[in-house]
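Residue strings, one per chain:
Protein chains: 2
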Amino acid sequence: MAYFPAFQFRKRYYKGIIMSDQNSTILVGIDGGGTGCRVAIADADRNIIGTAKGGPANPTYTPQQARDNILAAIDAARLDAGLEQTAINSARAYVGLAGIRNDTDAEFIAEILPFAQARVVEDRATTVTGALAGGDGAVAAIGTGSFVARSKGGKTGYLGGWGFRLGDQASGAWLGRNLLERVILCAEGIEPHSDLTRETLARYDDDPHAIYEFGNAATPAEFGKLAPLVVDAANKGDPTATAMMRDGADYIVKALNTLGYRPDEPLCLTGGLGPHYTNFLQASFARQVMMPKGSALDGALLLASRMGDAP
Amino acid sequence: MAYFPAFQFRKRYYKGIIMSDQNSTILVGIDGGGTGCRVAIADADRNIIGTAKGGPANPTYTPQQARDNILAAIDAARLDAGLEQTAINSARAYVGLAGIRNDTDAEFIAEILPFAQARVVEDRATTVTGALAGGDGAVAAIGTGSFVARSKGGKTGYLGGWGFRLGDQASGAWLGRNLLERVILCAEGIEPHSDLTRETLARYDDDPHAIYEFGNAATPAEFGKLAPLVVDAANKGDPTATAMMRDGADYIVKALNTLGYRPDEPLCLTGGLGPHYTNFLQASFARQVMMPKGSALDGALLLASRMGDAP
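So the protein lines, in turn, are chains A and B.
Letter 253 of the first sequence, counting from 1, is numbered 253 in our numbering, and no numbers are missing.
Letter 77 of the second sequence, counting from 1, is numbered 77 in our numbering, and no numbers are missing.
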């Protein structure tokens with residue numbers, strides 16, 4: 001996971017002991033998912049005073065492991081910050097996790113957290129808050145999966161995020177799967193080959209059965225590993241790859257328009273693939289693309305700092 | 001599984017004992033897959049003298065069960081025919097099974113068969129031979145999965161059959177999955193609703209999360225159960241359904257053309273969905289559509305009868 005420079009939270013390298021009686025405003029941000037979790041602790045002045053990384057934290061597939069890894073990472077961040085446990089116990093925390101789909105998932109994690117106040121949400125909220133630094137604008141988050149969001153006046157609307165089988169249009173898994181479907185059609189002569197399809201087929205020893213075997217077992221992340229082939233080929237003008245990236249860009253534009261996006265609003269393309277769609281957006285959208293102001297972890301910290309605003 | 005009238009093999013209702021010394025030309029046809037298996041026994045005059053149905057026979061997922069169920073069905077058909085075991089032991093048999101993907105799968109089944117001569121193949125060959133009664137023509141087999149084939153002068157070419165994840169275009173699983181992807185986009189306002197998408201969404205209590213839950217767990221067969229909604233809506237002129245059926249028909253036509261199909265050749269649309277594409281084919285293809293002359297089981301018997309031709 002890329003760690004973007006914090007937009008509001010400054011990393012402080014001196015780690016002194018902070019006494020618990022000073023700590024009513026200690027903030028904890030947590031970002032997690034199937035590949036790992038990250039914890040950042042900030043003081044009342046929004047200095048980041050401790051961070052830690054931990055193991056996978058997917059509340060859907062491995063809930064107990066998620067609990068264990070999050071707790072371990074919190075403790076590592078506490079030690080990194082030089083805080084006593086009492087400081088953690090009085091902290092406010094915001095937790096964004098991939099795979100939180102309902103209150104039951106959120107509760108399962110929330111009930112073991114050691115904080116005075118904590119909120120557990122799907123990581124879409126922390127991603128958007130981080131990318132826009134809590135301001136107005138739109139986000140198309142395109143990694144292994146995908147979703148599109150727009151924030152306006154403190155309210156955020158979301159579209160997408162329906163997973164590999166029925167959604168996640170424009171995502172890495174979507175590109176990878178679409179590529180392999182196309183390569184099989186080309187191998188059979190039903191569709192014409194391009195450089196991309198020929199080179200992809202060669203990776204499987206020119207044997208569509210090998211693609212079939214891969215495809216039947218592959219996880220979305222494994223399909224997503226093929227997406228860079230599509231991006232690179234599209235940038236070189238490969239017609240098949242270009243059509244796939246345009247299809248993905250069309251989805252992003254349709255979703256943004258559905259959310260009421262206006263052409264003067266900032267647009268963040270996040271995730272490993274997001275920025276690569278800039279080239280394939282119509283100019284009025286492409287010119288609004290800006291770098292994300294922060295990561296999902298930054299977003300979690302910002303949301304934690306706002307918990308006090310409306311207790 | 002539909003059982004079409006045999007084109008060459010006549011069912012004989014009298015079941016006398018056939019002595020083993022007369023039985024050098026006893027023929028056995030077997031058709032099987034994940035939902036069950038069927039066995040037919042014919043005498044030298046191509047009268048069907050015994051049949052039986054058995055349990056699931058998928059050599060990929062449940063190989064030992066496939067062996068057991070096929071052997072039990074053979075024995076039931078033997079008893080139905082009033083044959084002694086020695087007659088079976090000297091028979092020639094052709095076995096078409098869904099899920100045979102390589103020689104290892106075929107060998108695993110073949111080595112337990114009690115026949116003098118036996119061949120185990122994927123059921124595509126028996127389906128095509130049955131539908132065309134061993135003659136020239138093309139077959140688009142569209143059920144839960146799909147494939148397209150063309151026979152000319154005793155040679156058959158095949159396209160498709162690459163499974164739910166990367167292929168099976170036009171199939172029931174493909175239609176069902178595409179429908180649900182579309183319904184979620186409509187529910188989000190990204191694409192316009194049609195009657196079909198509105199009614200499908202209502203089946204899930206107007207909750208795309210329910211579709212997400214279904215879609216994440218559904219088997220291809222479960223997706224395929226939605227295909228009749230698409231067919232019915234397309235026949236009523238629903239624009240979304242019509243577009244989906246046209247996409248499927250386009251795939252069928254492209255595959256047929258790739259196989260060298262000529263507009264004067266017979267075209268069989270088999271499987272539960274095949275015939276429903278007739279309406280959505282261009283006229284030059286639609287007018288060539290004919291009823292299949294027989295089932296995969298008939299095809300297996302015909303192929304068994306030909307085994308003697310080239311020993």
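These are calculated hints, taken from the structure and not from any lab test.
Source: prediction; values computed, not measured.
Glycine is no exception: its CB is placed at the ideal position from the N, C-alpha and C atoms.
It is possible that part of the hints are untrue.
Claimed, not checked - To spell it out: a stretch of chain B is covered by chain A in this simulated footprint if at least three of its residues, at any positions, have a beta carbon under 8 Å from a beta carbon of chain A; those stretches are:
(1) 158 to 172
(2) 177 to 183
(3) 188 to 194
(4) 252 to 266
These are the hints, each one checked on the structure:
| no. | hint | in the structure |
| --- | --- | --- |
| 1 | 158 to 172 | holds (count 7) |
| 2 | 177 to 183 | holds (count 3) |
| 3 | 188 to 194 | holds (count 4) |
| 4 | 252 to 266 | holds (count 3) |
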